[in-house]
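K.L.:
In case you want the letters, here they are:
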Amino acid sequence: MNKKILLVEPAYESKYPPLGLMKISTYHRVLKNDDVTFVKGCSDKVRDEYWDRVYITTLFTYTWKETVKTINFYRDTLFSFARKIYVGGILASLMPNDLFNVTGIQPVVGLLNSTQKIDQDDDVIIDDLPPDYEILNQVDFKYINTDAYLGYATRGCPRNCAFCAVNKFEPQFVPYINVKEMIKMVIAQSGEKQNLLLMDNNILCSQYFDKIIDDIKAAGFIRGATFGKTKRRRIVDFNQGLDARLLNDSNVKKFSEIPLEPMRIAFDDIKLKGRYMNAVRLAHKYGQKNMSNYILYNYKDKPEDFYERLKINIRFNEEFKKDFEEGKGEKTTIYSFPMRYIPLDAKDRNMETENKYWNKRYLRGVQVILSVMKGPVMPGAQFFEQAFGRNVEEFKEILLMPDEFIRNRVKPGWQKIKNYTKRLMPYVKDWKNTYSKLEPEEISELIRVLSENDIGIIKKYYLETKNKNIKKLLNAHLDSRIIISSYRIK
Amino acid sequence: MEPKVGKYILDSLSIGMYSHPLMLIREYIQNSTDAIDEAIRNGFLSIDQARIDIKIDGKNRNLTIKDNGAGISFRNAWNILLDLGNSTKRINENRGFRGIGRLGGLGYCDVLKFVTKATNEDMLSINTWNCEKLRQLIKEENHLDSINAVKAATDFQQISYKGSRKDHFFEAIMLDLRSSRDILMNVPLIKEYISEVAPVPYKRDKFGLADKIEIELRKRVPKYETYRIFVNDEQIFKPYMDTVILRGDKKDKIQDVEFIEFKEENMILAFGWLAQLKLLGSISNFSRVGGIRVRGGNIQIGNRDLLNEFFREGRFNSYLLGEIFTIDERLVPNSRRDDFEDSPYREEFYEQFIRRIGLPFSKIIRQKSQERSKKKILDKDIFLIDQAKNMINTGYLAEGQKRWVIGALTRLKGKNHQENNLDEIIFRVGQAKHYINMNSRKGKYRHKADLKEILEIVYRESEDKGKAIKLINKILNVSN
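Which chain is which? The protein sequence lines are A and B, in order. First residue of the first sequence? That's 0 in numbering that gives the first Met the number 0, and the numbers climb one at a time after it. First residue of the second sequence? That's 0 in numbering that gives the first Met the number 0, and the numbers climb one at a time after it.
The following block holds chain A by itself, in its conformation from the complex:
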């Protein structure tokens, strides 16, 4: 009898399709001819049906609450028949016991690279199966990269960086997986895809690097390759980023044989500045067009060196633009992709880290600036300086402003206004004016009050303090919306 299988991705935000569930779908739907249903989140519709098995994937630990809610919802859906529910994925692999304690379901840890993990009655290694794209049509949720072969050319990472979880769920470094074969299987099952998305955690650690690039080329991903009748450009993306320390002339040259768009280099620490810059120059040398580089912050860094790392990329953009205009090379464009460090066992996004240089106000400030730009940092210098400040002092000053001020700092059409000060909204000018009058110890005092980003603390201090300037700045925090609307009325 065909089994009824339910696949669930909790209702958290997710860009990439759930690869693990897609492979499980291939196992059940294609190999076992079972009836597979995929849902996002807690679906009341499926509660009236009988399910032989439910698979629930998990992702970031900070989606803990939603994940637990989802697991318990389906446990209840199955009348507490926990044995029929399989929970796997990253969160489940990082904190299996915590999850067990609140759901009563012992999660499957790590990859499905053994037949023992989900009570199989055959010897199929599910992790080796191609993903089943069909299930993505069953949900309204829009994933990106659905027209791409999704997979890996390597697994794991031999490094053991404390901020990174890869070692916990892929402890074994597998230096070679046949991408060509994987693509062939996808084509056979789901047809051709335009792009290739590889989620390798550290491809450059593989001694088979050249062979992997050759596999990718053999599968039709040569630089300049197009797809379909409309001749769309095919791209390859190693979306987990490349290790700047391992990039050298030969592997960057090798990379240039495939349409790597964008190249993503991790710039995790200012100490790697030299090697990072070297890697970027190499990419430029070999004609890399787009780069989208990961900037880790809130781990061991300071706001100052975070700013500096962003600035380095801006300078590169200026330099490469000039080179290009002078006909001296490719116009390499670098987007910075700030990634806030969240501890590996964080059950929400606001967990305290041990970093003393960043505080909640600063982190919030960065988040507001980034949200205006919808994520990545633009390559243009003018834009960057407007968003993050012309220097690190101004950057830190901006971070201390009320959210609404950060968001609405400049007048519409500011690009046409030459004078920097004249671009600013009057209340921001006012803020800057007051701020500029503060002595260094007063600035420290202001930072102390704002550091928790807690309106209660701000209110209390506002009522207590006798310092007129600080009072004024705190008042802006308490009344930012009113201040902005009153200017709008004028």
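Among the hints, erroneous ones may be present.
[As the list claims (entries may be wrong)] Simulated pairs of lysine-lysine, DSS-like, Cα-Cα distance not exceeding 30 Å:
1. A:Lys395 to A:Lys417
2. B:Lys414 to B:Lys374
3. B:Lys262 to A:Lys116
4. A:Lys458 to A:Lys395
5. A:Lys330 to A:Lys417
6. B:Lys451 to A:Lys44
7. B:Lys414 to A:Lys44
8. B:Lys262 to A:Lys68
9. A:Lys272 to A:Lys320
10. A:Lys2 to B:Lys362
11. B:Lys374 to A:Lys64
Simulated from the structure, these hints should not be mistaken for laboratory data.
Fit chain B to the supplied structure of chain A, relying on the hints for placement.
P.N.:
For chain B alone, kept in the frame of chain A given last:
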């Protein structure tokens, strides 16, 4: 060193065993049916002759349960009656098999007596348990173990029997009953309990589908049997009837029954029947038929709520009516008979239930209830518009009514109601005059003013405005 079985085990096996005093009656009935089966197997009794008699003597506070089953031979009587948890019964032939059920009475009377005789023998065996003394021995400080406590509190006699040599019976007698709220004296309650729980026949004159069910059960459920059980000489039947009483003064009728088999590969776990109903609501508790019941050897397992947790909402079980009979012998009731012993068969049984009944009926019942509430709202809207039209045609009845109807119509307009000339209706209700025409020459002015005032009061003071309107119409002698 030898392991010892302390005296407290007696406590757990007797009074501690069953959560309700009525359950011990079920245990004695179970033993009786086993004894009857044995007599039939041995060819000296037919099922039509077999009977179990329960006599409750309110005056003397005694309860006896007597069957004309095989009885116990005088040779084995001592062992069988005094051994604990050492039943010679076989699990696949008998309903009881643990050898502890008969001790259930120990907690609820001062003296418990077992009197029995096998056929073609002259001896009568009488085993008396001094319950009061046993309780005392368990409570006080002494070094008695179970065996010595039993020895000290029991008596065993064999005397020659005066009646017919062919007689065979077993009788459990409880003297000086003591149970909380005198439940064991509550004859109607005992009758109802037995009708729900015991393997009694369907009442064919009240339940038209009895034969259809009975025929199918005899075909499909091995060893399915019903027994004549009497309580103070009144025969007891299962409570099923064609008419089903629902909560809230509603009724439904069983149209037909559907048979269901729980089958997994080659294993048949259970078989049962389900009444076809309109699923209009919960079946009244008083009718004692609500909920799907589970029966092993035709004796109920658990209560009417046993399967509640396998519906999306527990109350959905009470919308249904039917019985499921276990077939596979590996599906064993636990010793309290409130569920099955935990096993893969139990798990599979409930899975099958969820799949075949719990989930599909949860869905249907929810849909029906949504349809009903939709219709209720629609009916309310129709009533409102009728009221408005009456007010336009014959006048309004109270100031409050006018205000309320205009408000309700405005709200209805906001909900895009199908009645498309709501605006006009609202306008004309606003223009409506009072039912009592003060300007007309008909009727005395003062009389009319008083009546108007009365209507105002009736409307204002009534919590249910709909009922207020009906009452006012009655006062005015207007047919609705």
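K.L.:
If a hint holds in the structure, say so; if it does not, say that too.
P.N.:
Taking the hints in turn, this is what the structure says about them:
The hinted pair formed by Lys395 of chain A and Lys417 of chain A meets the criterion: a straight-line CA distance of about 23 Å does not exceed 30 Å. At most 30 Å may separate the alpha-carbon atoms for a hinted pair to count; Lys414 of chain B and Lys374 of chain B meet this at roughly 15 Å. Distance check on the hinted pair: Lys262 of chain B and Lys116 of chain A sit about 29 Å apart at the alpha-carbon level, within 30 Å; holds. Restraint check for Lys458 of chain A and Lys395 of chain A: satisfied, since their Cα atoms lie roughly 22 Å apart, inside the 30 Å limit.
Restraint check for Lys330 of chain A and Lys417 of chain A: satisfied, since their Cα atoms lie roughly 26 Å apart, inside the 30 Å limit. Of the supplied pair hints, the one linking Lys451 of chain B and Lys44 of chain A is violated, its CA atoms being roughly 55 Å apart against a limit of 30 Å. Only pairs whose Cα atoms come within 30 Å are accepted, and Lys414 of chain B paired with Lys44 of chain A is accepted, the gap being roughly 26 Å. With a CA separation close to 34 Å, the supplied pair Lys262 of chain B and Lys68 of chain A exceeds the 30 Å bound.
Annotation: proposed proximity of Lys272 of chain A to Lys320 of chain A holds, straight-line Cα distance about 21 Å (limit 30 Å). Simply put, Lys2 of chain A and Lys362 of chain B have alpha-carbon atoms about 21 Å apart, close enough for the 30 Å limit, and the pair holds. The suggested pairing of Lys374 of chain B with Lys64 of chain A is violated, with an alpha-carbon distance near 39 Å, which exceeds 30 Å.
Hint violations for this structure: numbers 6, 8 and 11, all remaining hints satisfied.
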